[in-house]
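There are 2 protein chains.
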Amino acid sequence: MKRIVILGGGFGGVYTALHLEKLLKKHKDSIEIILVNRENYFTYQPMLAEVVGGSIDILDSVTCLRSLLKHTSIYIRDVTEINIDKQTVSLSPNFSHKELTIKYDHLVLGLGTVTDFRTSPGGLAEHALPFKDLSDAVSLRNRIIDVIETAAQETDPVERRALLTFVVGGGGFSGVEVVAEINDLARKKVKAYKSIDPKEIRVILVHSKDRLVDKELSPSLGDYCGKLLQKRGIEVMFGSRLTSATPNEAIIDEKMRVKSKTVVSTVPSIANPLIEALDLEKEYGKVKCDSYLNALGKKNIWAIGDCAFIPVSPKKAGEYSPPTAQFATRQAPILAHNIKTSLLTGNKKTFTFKSLGQMAALGHKRAVAEILGIKLSGILAWFVWRFIYLMKIPGVSAKFRIALSWFLDMLIPTETVQLKSKPKKGFDNLHYADGDAIFHAGDTGDFLYIITKGKVDVIKNGEKITSLHEGEYFGEMALLSEKKRTATIKASGPCKILAIKKDDFNVLMTHFEDLKKNFERTEESRKKGSNRKAEGE
Amino acid sequence: MKRIVILGGGFGGVYTALHLEKLLKKHKDSIEIILVNRENYFTYQPMLAEVVGGSIDILDSVTCLRSLLKHTSIYIRDVTEINIDKQTVSLSPNFSHKELTIKYDHLVLGLGTVTDFRTSPGGLAEHALPFKDLSDAVSLRNRIIDVIETAAQETDPVERRALLTFVVGGGGFSGVEVVAEINDLARKKVKAYKSIDPKEIRVILVHSKDRLVDKELSPSLGDYCGKLLQKRGIEVMFGSRLTSATPNEAIIDEKMRVKSKTVVSTVPSIANPLIEALDLEKEYGKVKCDSYLNALGKKNIWAIGDCAFIPVSPKKAGEYSPPTAQFATRQAPILAHNIKTSLLTGNKKTFTFKSLGQMAALGHKRAVAEILGIKLSGILAWFVWRFIYLMKIPGVSAKFRIALSWFLDMLIPTETVQLKSKPKKGFDNLHYADGDAIFHAGDTGDFLYIITKGKVDVIKNGEKITSLHEGEYFGEMALLSEKKRTATIKASGPCKILAIKKDDFNVLMTHFEDLKKNFERTEESRKKGSNRKAEGE
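Chains as they are written, first to last, in the working numbering: chain G, -5 to 531; chain W, -5 to 531.
To be clear, the hints were calculated from the coordinates, so they are not data collected in a lab.
None of these values were measured; they are calculated from a predicted model.
Glycine included, C-beta positions come from ideal geometry on N, C-alpha and C.
Treat the hints with care, as some may be off.
[Said to hold, decoys possible] Pair by pair, the computed Cβ-Cβ distance ranges are: (1) W/Met250 / G/Asp422: 14 to 20 Å; (2) G/Ser189 / W/Met250: 53 to 59 Å; (3) G/Lys477 / W/Lys(-4): 29 to 35 Å; (4) G/Leu398 / W/Tyr278: 43 to 49 Å; (5) W/Val152 / G/Pro316: 46 to 52 Å.
With the rest of the complex left out, here is chain G:
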């Protein structure tokens, strides 16, 4: 019995499994196919932005792996380790404390990329919303609904402004698609609120170049994108970068601060850390492959899609496949065929493919497309976009569900239900910029804070009374005695802070006697300090 293990259920992994199932149909008693993925579904990326806007239902952009792949064993687990020497893959425990280790004869790496926040000076990892998978799309939609619901009752004009401002970093495909959907949703939703003037809504797209989708589309379509988004009320900031974020603002080019509670980052991605740890030849963190999609020098390890560095053709040295679904789905049949020949007989094939074109949806009935050299924009491109992506989504029932959702979206208004998850417990990592208030005197004491980097000023009655530094904590007074905050705390320079929820803090206090004493001592000494201060010492 031979075993092929595919890691990752994106376009690369799923299409490889689909082709393997077909090619190895007669050999299913002697060759086993396993696919490992974190989720039990395949996400159809091109439709994710529509989930944010609500023109399709939450689950329309995904299909169960098990209904797509009838003859593949699906493991819904995280990959924790890949061991090339032992030819094993370890998977995270589920409902038990036991890891699962499986042996492979052939391994397919289709692990994709993760968002890269390493080049950011800080704050994006903590406060920018990512936009990569279904849960990101659902979270973003919920955030938009939440800020608008909250703004409807907010009387502080600064706070209102922050609640109703949306900032997206990156004007590539996904940035352009998501900003268009955010804009459509926010502007449609506020119509139901008498207390919000639609002019209060501000949507900003920050892009480092002077033209949108400059990498992917021709200049004229890039210009069209920019003009259309501006016409729809989006402010496009060219030649700028979203460099940082705090809980209350987006920071652009390291100096310009825009108050906002919804900052989305579509910044570049890097290959999965699991790939990084492997002893394989790599380029830009991706697995270097030959035209057979074989990892260099390893006959039973293959790579596909965004985590692989694959020549577009054996004849074109130095030109490599871009990280798009189009290329991954074209690599899959070659990869499947080559694994088959390795296990059975036959000649290997080489991968060679030329992009057919690109498309991006721009929200309400507009898109841009460049197909086989023909440029399209506006409502025609939008029809083409919908038609092509509907045809390409795998599975008949998925096609049907999406077509139906699109049809219904024209007939009945979408409900903006906010699906809240249960309150998060534990710790939050926060990032603040110089001068930001962590809290104000009089606020409810709901968190304890520990400074993990930088320093903060303690302000009482408008006067700075002391500074606190790395390793010191604050906010424990209101927690211990359940009062309101007695001082304002402001960041002095950029700083990173760990916040612990009141309830969890109380649990800690109950179980760690040392900790409790420690906090009580600190409170006592701080009280004395502020009394002396009050008495004029």
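Since the structure of chain G is provided, determine the placement of chain W on it from the hints.
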């Protein structure tokens, strides 16, 4: 300007607001209506079980409050305090640290009930899944999908059995409806798994009486329910109670242990703790009202629905409204009218209503109903159930969406997509029964444990080497040195344990020097102890 504040967006609160909007249309410049709810949607309870089974979509059972109530201000917040003396209500902070306090002229209490775990000897609060709201229904559906996906690859027969066993406590309406949907979903889903024999699925309903839905329906219909569920493969345990649960089992009648990863409790509810704290006359924790729905002795406080104790008629002393949607929706117009007369002019009305009947759905095309004294069962009752509830759901677009989902459910198979939330951080409260293993030697060390009640035995090579007691912790060795567990830990008698995730524990260790030293000392002394043991001392 007068202000009516309604707390709670269930049947009572929402229907009161709907009637007030109509009655006070001409006065909307002088009378403001506010409704406070935790979620931005109204949940149509009778449809929740169908969300579990998947015959309607996740969002079909809910409608946005804002689209139902056009002239009411909706506040999506938690109520933190009700102050009768000051006539104010305080609401939890959202996107800020500021609580919001609003004054009222009239207050409507429609806060419903919360699940009551006080009478359980332990474990149900920690490990039984509740079934009250949309997020419970979504969680339950995800759990069923998750255990089946995991069982498909599990080789340990005991673990498989636990994964494929489902236990529901309580054979009233909601217990019967939810067990039927769990059974349908589990049995339908395993058909896609070659590695699972459908006979491995076990679904158990535990009910304290000797007949199902004995409180709500006549004996013949109760018998029909029991027989139908048994025919569908559900084991019904009459005269028993679900008394406790651990992470791996359901405990019935305090002694019988059934291995299961999915325990659902539909046990009795108690009135909201916010009601408990109020200085009002109460009965069984509910606000005692006169027939005008006025809280006794308080002219501007009203109560409705499950948190209110309301006579069914002014003529029938000693007979009170049952906690059903039917009664709440009938109380609403009376309450709205009486508030109107209090603010303007007119005579108050008294509440008087006789139940029209009851219905319960029993999964796939079966139901029971008793309407105006007529008993129905089987497919006819199921049609009546669907028709009546479809007619009664508020909003045209909700009716349309549900009817469409039902129609599609017959045409295309439902996708069993498991919507995972991001991994939970922080602390988990666990309950174990005598002899349960918290972990085994060789397991992955993913949690640190603190004993908050009871004691545990430490077992190495089959031999008990020591016991640990309340306040002591264990599991830190594998965390500090990232090794596998070196010992097995078993509960000695029932015990309660606090589990802290490895990542969070590491965060704690980094920031609390004292704590780290403390743990290191413990580890050192334990190592010495076990070395001595190994050397035969």
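Do the hints match the structure? See the list:
1. W/Met250 / G/Asp422: 14 to 20 Å: violated, 43 Å
2. G/Ser189 / W/Met250: 53 to 59 Å: holds, 57 Å
3. G/Lys477 / W/Lys(-4): 29 to 35 Å: This hint holds: roughly 33 Å between Cβ atoms.
4. G/Leu398 / W/Tyr278: 43 to 49 Å: Holds, since G/Leu398 and W/Tyr278 (Cβ atoms, about 47 Å apart) stay within the stated range.
5. W/Val152 / G/Pro316: 46 to 52 Å: holds, 49 Å
In this structure, only the earlier hint numbered 1 is contradicted, and the remaining ones agree with it.
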